[in-house]
Amino acid sequence: MKKISDEQLEEWLREMPKLKDHRDPHDIYENISKKLEERPRKPWIIPSFATAAAVFLMAILSFNLFDGASINHSADKSTQEEAATEQNTSLKKEESTVENEARMDVGNEENSTEMNDITFQATEDPTTAIYAEDLGAMQVFTLAIPDSQVQNIIPVSFLIEPSGQADQLAHIEEVMTSIDEQEWGLDDFYPLEADFAIDANNSTLNVNVAADHPYQNGSASIPFLNAIQHLLLNLNLEKAIFTTNETEKGMSTGHDFITEKVVEKKSNLAFYLFYPSHEAIKPYLVPFTESYSTIEEAFNAMKTNVDTHNLIAPLLVEQISSVAIDETNNRVNITLNQGINIEDTPETTQSIEAILLTAQSFGFEKVKFINAPIDTLGRFSLQEDIQVPIAANKKSID
Amino acid sequence: MNGEGNPVNSIFDELYEKYHQDVFQFLFYMVKNREQAEDLAQEVYIRVLKAYKNFEGKSSEKTWLFSIARNVAIDSFRKQKGWKQRIIEKFDWSTQQVKDMNPIPEEIAMEREEYQYIYQCLDHCTIDQRIVIIMRYIQELSIAETAEALNWTESKVKTTQHRALKVLKKEMQELLEKEGNR
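Top to bottom, those sequences are chains A and B. Note that my numbering has the first sequence beginning at 6, numbered continuously upward. Note that my numbering has the second sequence beginning at 41, numbered continuously upward.
Read the hints as simulated data drawn from the structure, not as lab findings. Heads up, some of the hints might be wrong.
Under 8 Å between C-beta atoms, here's a sample of chain A residues computed to sit facing chain B [as the list claims (entries may be wrong)]:
1) R19
2) P30
3) Y34
4) K40
5) L320
6) E323
7) S327
8) D331
9) E348
The calculated lysine to aspartate or glutamate pairs, modelled on DMTMM-like cross-linking and capped at a C-alpha distance of 25 Å, are [as the list claims (entries may be wrong)]:
10) K266/A with D312/A
11) K90/B with E57/B
12) K40/A with E214/B
13) K218/B with D163/B
14) K25/A with E185/B
15) K198/B with D312/A
16) K371/A with E332/A
17) K8/A with E153/B
18) K8/A with D62/B
Don't be surprised by glycine CBs; every beta carbon is placed ideally from N, CA and C.
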């Protein structure tokens with residue numbers, strides 16, 4: 006079989022057949038003017054009804070299509086149940102969207118004719134992080150989860166009820182057991198094959214592993230130690246002490262033997278977008294391993310993808326013309342290039358989050374954008390100070 | 041078409057005249073489904089018409105339109121992967137069936153096999169790679185225009201293009217060998 010040359014491939018590509026739209030332009034114009042005139046409506050009501058109806062119909066047509074176990078007895082009964090659950094979930098979704106809308110509407114009202122108020126705007130809040138206003142009475146904790154290639158360590162954050170240290174550890178361990186990382190496009194990493202105990206008097210986390218524990222090579226020990234660091238930070242402890250088989254001091258990590266690790270908070274990191282290969286609606290915002298001495302350096306680095314780690318440069322960073330630090334307000338002032346276009350897409354919102362998380366990693370509290378061509382972007386009001394998030398990559402646990 | 045003094049209508053006329061088939065073709069090659077491409081082309085107009093007064097002429101009208109088309113396509117992929125799509129997929133007979141809903145378009149099916157293979161192999165590219173391939177070769181945008189439409193550096197366009205060609209070449213080779221052995 007002869008090899009295809011680059012030239013041959015490029016020639017074929019250039020010759021690819023033209024695909025034309027055969028519709029009458031009048032019809033297209035009719036369709037879009039209808040949409041342009043439509044007032045923004047509650048975006049969930051119709052889809053959820055349609056889904057409920059579709060589920061109902063599909064169930065009647067062929068109930069063995071469901072691969073769930075719930076539809077095994079009487080077709081009639083189970084379809085009703087299914088439709089009812091479906092409606093229930095839609096209602097819940099509706100509630101949460103209304104909440105989201107309320108939040109997003111604050112800034113949107115005055116420029117409702119602007120491009121960013123678009124009827125088909127994604128109904129889901131595209132942000133990924135946890136913000137002060139999401140917190141309520143809850144407490145945040147973060148797990149370090151490797152991606153499916155074990156290239157990046159992704160900080161994934163959860164909201165839990167506040168509790169004492171010991172309860173909190175129990176809670177975290179429960180979460181470690183219950184999460185399905187693969188469903189999130191990440192590596193099946195938790196629960197950790199180790200036992201934990203808190204020694205509050207010495208501000209220590211005792212970590213015990215079995216002699217044949219799975220973290221004995223570099224690629225597995227790095228995420229493990231990272232996970233331990235996150236545990237220390239979550240639990241507000243100073244160090245971890247390792248034992249093997251309960252009695253022997255220390256543990257082997259392949260090329261190394263460690264007895265203890267002091268808590269270390271990595272800071273001054275640059276955040277990128279990471280799209281897991283697995284189906285996921287939102288990207289993860291992931292810090293690259295390198296620390297930078299100034300935030301300008303971090304922003305500069307963020308202009309290019311880290312191709313080796315599949316980390317995507319956030320949008321907008323390339324449009325930063327200058328960065329100034331307002332020390333009194335602990336704020337970063339980011340001046341954007343004049344006359345740029347910002348489109349209200351999920352990726353833009355997430356790119357703003359990457360910038361905010363980077364600022365947070367440098368210890369700043371607020372970010373102010375100068376020269377932003379639009380007033381609001383998702384939940385962010387671009388003409389005002391924006392508070393940095395509390396933690397990256399929010400996930401909920403049911 | 042008659043503008044009838046309606047500014048929106050006349051902007052539409054002009055954009056339709058100049059770019060419609062290009063934008064439509066870009067979307068069709070992206071989503072591989074005629075109906076969806078038709079819907080998305082309309083979405084592009086809606087976004088463009090709402091934002092037209094903000095268009096500052098910093099980029100060319102053409103690359104601006106392509107940048108919006110690209111965002112519309114990406115948003116549709118993301119929405120598609122949402123819960124609604126998952127439910128729909130679950131209730132379908134098999135994923136095979138879902139795929140069959142996007143057959144090779146007639147325009148390509150009637151042509152030589154290589155084009156059909158390329159059309160199929162595009163699925164093996166990442167979304168960014170696919171965008172670059174379509175913009176560069178099928179829409180014949182220059183490196184500079186592609187960079188402008190994607191808000192990327194030219195070197196990023198070149199790297200992505202290079203990688204995309206590599207993926208396509210590998211997949212094409214495999215497909216041709218498989219077909220050759222039949």
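Are P30/A and chain B close enough, Cβ to Cβ, to be under 8 Å, as the hint says?
-> 5 Å, holds
Does K90/B pair with E57/B here, judged by a C-alpha cut-off of 25 Å?
-> The given pair, whose Cα atoms are some 19 Å apart, holds under the 25 Å limit.
Would you check whether K40/A satisfies its interface hint, that is, whether its CB is within less than 8 Å of any CB in chain B?
-> 6 Å, holds
Have a go at the R19/A hint: is there a Cβ in chain B nearer than 8 Å to its own Cβ?
-> Holds - the Cβ of R19/A comes within 8 Å of chain B, reaching about 5 Å at its closest.
If you draw a straight line from the CA of K371/A to the CA of E332/A, is it 25 Å or shorter?
-> This hinted pair holds, its Cα atoms lying about 11 Å apart.
If you draw a straight line from the CA of K218/B to the CA of D163/B, is it 25 Å or shorter?
-> Given that 25 Å is the threshold and the Cα spacing comes to 17 Å, the pair holds.
Hold the hint about Y34/A up to the distance rule: shortest CB distance to chain B must be less than 8 Å.
-> 6 Å, holds
Against chain B, run the beta carbon of S327/A and see if the smallest gap drops under 8 Å.
-> Violated: closest Cβ of chain B sits about 19 Å from S327/A, beyond 8 Å.
Hint check, E323/A versus chain B [nearest Cβ-Cβ separation less than 8 Å] | Since chain B brings a Cβ to about 7 Å from E323/A, closer than 8 Å, the hint holds.
Are the Cα atoms of K8/A and E153/B separated by 25 Å or less?
-> Judged against 25 Å, a Cα distance of about 16 Å means the pair holds.
Is the interface hint for D331/A satisfied, with its Cβ closer than 8 Å to some Cβ of chain B?
-> It is violated, given that the least Cβ distance between D331/A and chain B is near 28 Å, above 8 Å.
Is the hint on L320/A kept, meaning its closest Cβ partner in chain B is under 8 Å away?
-> 6 Å, holds
Of the numbered hints stated above, those contradicted by the structure are hints 7, 8, 10, 12, 18, listed in ascending order.
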